[in-house]
Amino acid sequence: MLINAPLAVVGFFALNNSIALYAVMLLSVLTLGPTNAGLYAIAERVTDGRTSSWRDFFAGMRDNPMLSWKVYGLWMLGLVIILVNLQFYSLNGTTIASILYVLFLYFTVVWFGFLMYIGPLMRLQTDKRIRTIARNAALMTFGRPLFTLITLALMVAITVASILLPILFVLATAAFLAIWGFRAALTLIEEAEERRIAAAEKAGKVTTAPTDKGRGGQIRPRE
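In terms of my numbering, the sequence shown is numbered consecutively and its last residue is 223.
There may be inaccurate statements among the hints.
Claimed, not checked - Here are the simulated SDA-like cross-link-like pairs (lysine to any residue), alpha carbons at most 20 angstroms apart as the crow flies:
#1 K128 with W69
#2 K70 with A134
#3 K70 with S28
#4 K128 with M61
#5 K70 with V24
As the list claims (entries may be wrong) - Pair ranges (Cβ atoms, derived):
#6 M66 with T94: 36 to 46 angstroms
#7 A138 with E201: 48 to 58 angstroms
#8 T95 with L168: 40 to 50 angstroms
#9 F176 with I130: 26 to 36 angstroms
#10 I197 with F58: 36 to 46 angstroms
Worth flagging that the hints you see were computed from the coordinates, not collected in a lab.
For clarity, every value in this text was computed on a predicted model and none was experimentally measured.
The beta carbon of each residue, even a glycine, is placed where N, CA and C say it ideally should be.
Build the full structure now, drawing on both the sequences and the hints.
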């Protein structure tokens, strides 16, 4: 969080200028991508019950910075496009504009649902292609919409509440949300695997013991 602080401050002062704000949001990916990758590296170790230190955070940042820039860059670009449309349709008083405004509000919620899963998938998938990460994030978001919505709402509530205590927001909130998001992604992966095995057993196709591998070997086995 401290690494992202300078751009966050600039973004705060750019709130009254939409173009400047969107530019800052896109520039924030330069630090946001690698730092999120570092946080999820820590989250993975914590979820596995392993010890972690600041060295693991920086190792996660260095692991695949190009992937993190691409993933979070595309996500941020999508968010900017959604916000531009929200801004445009909010200024238009027609009925169609009102309907489209509500539609883009829905897209906003879905887009933040994707955000909850793309970080963990960057760590868990052996297939690092952007298309595969996006597809699996979409499957998680739309496959369990209520779970995603409730988890996302709780995360937003905790984030807003922690702003009242800035030191907590800076030092703990991001790490806590990363661990929570990682566990949420693992929960959905395990549920999907259980359903796949149950369906295969029902069809009489299971001939070997189940593993923790995802569909097509896309999810790395747990250590």
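Hint-by-hint comparison with the structure:
1. K128 with W69: 13 angstroms, holds
2. K70 with A134: 11 angstroms, holds
3. K70 with S28: With Cα atoms ~13 angstroms apart, K70 and S28 stay inside 20 angstroms; holds.
4. K128 with M61: 16 angstroms, holds
5. K70 with V24: The given pair, whose Cα atoms are some 17 angstroms apart, holds under the 20 angstroms limit.
6. M66 with T94: 36 to 46 angstroms: Since the Cβ atoms of M66 and T94 sit about 43 angstroms apart, the hinted range of 36 to 46 angstroms holds.
7. A138 with E201: 48 to 58 angstroms: 27 angstroms, violated
8. T95 with L168: 40 to 50 angstroms: 44 angstroms, holds
9. F176 with I130: 26 to 36 angstroms: Taking Cβ atoms as reference, F176 and I130 lie about 27 angstroms apart, which means the hint holds.
10. I197 with F58: 36 to 46 angstroms: Check passed, 38 angstroms falls within 36 to 46 angstroms.
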